[in-house]
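Chains Y and W, in that order, are what the protein sequence lines are. For the first sequence, the working numbering gives the first residue as 0, with consecutive numbering after it. For the second sequence, the working numbering gives the first residue as 0, with consecutive numbering after it.
Read the hints as simulated data drawn from the structure, not as lab findings. Where hints are given, some of them may not hold.
Identical copies go unnamed one by one, so any copy, or any two together, can satisfy a pair.
No more than 30 Å apart at the CA atoms, straight line, and that leaves these computed lysine-lysine pairs for BS3-like [to be verified]:
#1 K315 / K390
#2 K338 / K348
#3 K383 / K315
#4 K315 / K55
#5 K314 / K383
#6 K314 / K24
#7 K355 / K338
#8 K24 / K182
#9 K390 / K314
#10 K383 / K55
#11 K345 / K383
From a predicted model like this one, the values you see are computed outputs, not experimental measurements.
So the chains spell out like this:
There are 2 protein chains.
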Amino acid sequence: MGCDQNDLLRVDPDRLWQRHMDMAKLGATERGGVNRAALTIPDVELHWLLASWARKRNFAVEIDDYGNQFMRRAGSDPHCPALVSGSHSDTQPTGGRFDGISGVLAAVEAMEVIDDAEVCTRHPIEVVIWNNEEGTRFRPSDMGSAVYVGDTPIERMLAATDSEGVSIETAVDSLRARIDWAKVRQLGTPIAAYLELHIEQGPILESENIDIGIVTGIQGTRKFEIHVIGEEAHAGTTPERNRQDAFMDAVAIVNALREIFYDPEDIVRFTVGRFEVSPGSLAVVPGRVLFTIDFRHPDNDVVQALGDQVAEVCKKAAIRCTTEVMETRSALSTSFECKVQQVIEKCAKQRAYSFKYLPSGAGHDARYMNSFCPSGMIFVPCYKGISHNEKEYASPESLAKGAQVVADSLLMLDEMI
Amino acid sequence: MGCDQNDLLRVDPDRLWQRHMDMAKLGATERGGVNRAALTIPDVELHWLLASWARKRNFAVEIDDYGNQFMRRAGSDPHCPALVSGSHSDTQPTGGRFDGISGVLAAVEAMEVIDDAEVCTRHPIEVVIWNNEEGTRFRPSDMGSAVYVGDTPIERMLAATDSEGVSIETAVDSLRARIDWAKVRQLGTPIAAYLELHIEQGPILESENIDIGIVTGIQGTRKFEIHVIGEEAHAGTTPERNRQDAFMDAVAIVNALREIFYDPEDIVRFTVGRFEVSPGSLAVVPGRVLFTIDFRHPDNDVVQALGDQVAEVCKKAAIRCTTEVMETRSALSTSFECKVQQVIEKCAKQRAYSFKYLPSGAGHDARYMNSFCPSGMIFVPCYKGISHNEKEYASPESLAKGAQVVADSLLMLDEMI
Chain Y
0 MGCDQNDLLR VDPDRLWQRH MDMAKLGATE RGGVNRAALT IPDVELHWLL
50 ASWARKRNFA VEIDDYGNQF MRRAGSDPHC PALVSGSHSD TQPTGGRFDG
100 ISGVLAAVEA MEVIDDAEVC TRHPIEVVIW NNEEGTRFRP SDMGSAVYVG
150 DTPIERMLAA TDSEGVSIET AVDSLRARID WAKVRQLGTP IAAYLELHIE
200 QGPILESENI DIGIVTGIQG TRKFEIHVIG EEAHAGTTPE RNRQDAFMDA
250 VAIVNALREI FYDPEDIVRF TVGRFEVSPG SLAVVPGRVL FTIDFRHPDN
300 DVVQALGDQV AEVCKKAAIR CTTEVMETRS ALSTSFECKV QQVIEKCAKQ
350 RAYSFKYLPS GAGHDARYMN SFCPSGMIFV PCYKGISHNE KEYASPESLA
400 KGAQVVADSL LMLDEMI
Chain W
0 MGCDQNDLLR VDPDRLWQRH MDMAKLGATE RGGVNRAALT IPDVELHWLL
50 ASWARKRNFA VEIDDYGNQF MRRAGSDPHC PALVSGSHSD TQPTGGRFDG
100 ISGVLAAVEA MEVIDDAEVC TRHPIEVVIW NNEEGTRFRP SDMGSAVYVG
150 DTPIERMLAA TDSEGVSIET AVDSLRARID WAKVRQLGTP IAAYLELHIE
200 QGPILESENI DIGIVTGIQG TRKFEIHVIG EEAHAGTTPE RNRQDAFMDA
250 VAIVNALREI FYDPEDIVRF TVGRFEVSPG SLAVVPGRVL FTIDFRHPDN
300 DVVQALGDQV AEVCKKAAIR CTTEVMETRS ALSTSFECKV QQVIEKCAKQ
350 RAYSFKYLPS GAGHDARYMN SFCPSGMIFV PCYKGISHNE KEYASPESLA
400 KGAQVVADSL LMLDEMI
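Next up, chain Y with everything else stripped away, as it sits in the complex:
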């Protein structure tokens, strides 16, 4: 990439910011956040908008069987697989305006400035919107990329339904119906390299005043679903000794789990995010509890050792109820390809942006992509590291610098790979 090209290739911070604000209206919550579950009406609308922008520029639009959407600017070599950048557009129920969508919009911005500069790349360049990364509508999360790379068979996933019984298959049909000019993307179509920008979701970059985080890898994780099965009883008449109180036993189990997951160094991440009590009535001793464990650690040995204790601890801690423990997800910790990290560093240096190598606490689709093609991630600072929260914030300047590095890195990868 020559110096003159470098000057032409300037992302537009105002356009990028405005698009963040426009997208935040789709699924906006009262408290300034976003609730945009995968392929719900606002999310389909977002997909349609981006597909429409792509169509205006004659970019191809493709949707695969899991609902992942690709927008492609052609390359000069018809045999070259695409360089892909993007992220997801779905959010947590009380999510923010940046998690996921910033990576999509950075990739759109990059593709558009490359197009505006009339740069002829050898590889096609694609923006991807992975479907259902958060996993709040369809469980589990990150299945868009997992299914795409063949880690998880699509057959097992298509039948997954949301809380109202709507299947992923039906949701994808409604996406395709809305974007009726989109072609079918075959799952597993080769990709030359994958780059994902994301807000850090941690406090390091902001507190150290760093522009660009070069992500070294993603920590390992295991997720569990625990059912505690007791017996409903009348709250006014049933003595404690006669109760099989699923709530009280679940609390005893959580107390025991906290002990084994306690980490004085505070590196273990242990979260009970769902905890559902049935029947959930003031005057009824609960008969059932379902709760989840989300556990993460960068060291695969720790991931293994602690995770293996969960079922036993639950069984032992339950006093009068029975327990069922299911492991719903696991992923070893991942290290991103070195050459992609180096490309990001070079591009940051070229623009005189400060940068820092750091691991990712959160999981991302890049985890699955890394097993499929050279992959990397760019973090941008976010306010106090707050994420999965309506207060989530990243500044226009940070987002623009990140998108700039995405654009530059795509062109450098085009020459390298």
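Here the structure of chain Y is known, so what remains is to put chain W in place on it, guided by the hints.
Only chain W this time, still in chain Y's reference frame:
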């Protein structure tokens, strides 16, 4: 009541049982229980059925502004207030086939055998269906009787809405629309005496092989709603020390509450029945928890002393979150009128039924009625004391004996009062 009348006045065990089974179809659950929230479609259907039976016998039907329904067989003295018997028809979400409805059907059976025997009573005899006793659709519970006797102003209650935003007022309108021949009952219309049959919801009568429980009173209760307010955060990136995890603080609070409510004699009833975690997503540190405490004890001093500690214990036990504690309900323990207890005893003896005096662990509408007119309760045995549970069971024989005592007691009260 003469001996010959006694012979004429025989309840019909088969009819009574068949009606229990028929009513259990309205809101039947898959596991053999009943889910019939107040004034939902199956509950309105039940009200309509009973009103239709009443109409066939030319009994008046009246509905008050809270949705309590009265069915009246006229007495000889137009100035006499009614002798009322009944209970409620709503159930817990995983409730049984007997709680509430048995009291209504016993009263219907009593009124019908009195009518069939052409007994001319001085007082009118009424069957009542109190609305929303369980309080699972509209909170709090027992408001039908509380509003009727003026304990709670109706204005405060009419605006109460269910989880879908439907108000009690709207629900009552739909009941009146279905039973369009019902007249309006004025709240607070005087009542001469009140008698309520109920399954025991405890194990004593069954285990001691007793036919009739003569209820001495109802234990005192205080109910609380506790909000734990923290901050949502990302489960993968947020260190424990930076979290304001509303779930973990709520668990710490429950641990602390269990300690103060621990009772080696097992007389204290302490239940956390609702426990709702927001946003309730696997990968989000919970930002809010709402939970309820249902606490009961027969001794008013204990009710006072333990209940007064709740707010302070919650505040102290919370580690990084704030708490809001609201007392949503309280009721002192109640003793039923002696003369009503004596009438029940006489009637049981007359039929050679075994009987036992015992207190009620559960709350009932009879609590509020007792402050309004001479009131009493009759318990019948139920299987292992199981209630608020789909397995709830009472035998046809037990129910028939109970209904017989209701019929006999109403006639004895008619002569006495």
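Going through the hints against the structure:
For the identical chains of this complex, K315 and K390 are inter-copy neighbours only, at 28 Å across copies versus 40 Å inside a copy, given an alpha-carbon limit of 30 Å. Taking the closest pair of Cα atoms, K338 and K348 come within 30 Å of each other only inside a single copy of the chain (15 Å); across copies the shortest separation is 93 Å, beyond that limit. In this homomeric assembly, K383 and K315 come within 30 Å of each other (Cα to Cα) only across copies, at 28 Å, whereas the closest approach inside a single copy is 39 Å. Neither within a single protomer nor between protomers do K315 and K55 lie at most 30 Å apart by alpha-carbon distance, with minima of 61 Å and 60 Å respectively.
With identical chains, the CA atoms of K314 and K383 are at most 30 Å apart between copies only, with a shortest distance of 27 Å across copies and 38 Å within one. Neither within a single protomer nor between protomers do K314 and K24 lie at most 30 Å apart by alpha-carbon distance, with minima of 46 Å and 38 Å respectively. Within a single copy, K355 and K338 get their C-alpha atoms as close as 16 Å, which meets the 30 Å cut-off; across copies the closest is 84 Å, which misses it. Taking the shortest alpha-carbon separations for K24 and K182, only the intra-copy value of 28 Å comes in at or below 30 Å, while the best inter-copy value is 51 Å.
Within a single copy, K390 and K314 get their C-alpha atoms only as close as 38 Å, which misses the 30 Å cut-off; across copies the closest is 26 Å, which meets it. In the homo-oligomer, the alpha carbons of K383 and K55 never lie at most 30 Å apart, since the shortest distance is 38 Å inside one protomer and 72 Å across protomers. For the identical chains of this complex, K345 and K383 are intra-copy neighbours only, at 27 Å inside a copy versus 75 Å across copies, given an alpha-carbon limit of 30 Å.
Going through the hint list in order, the structure does not satisfy hints 4, 6 and 10.
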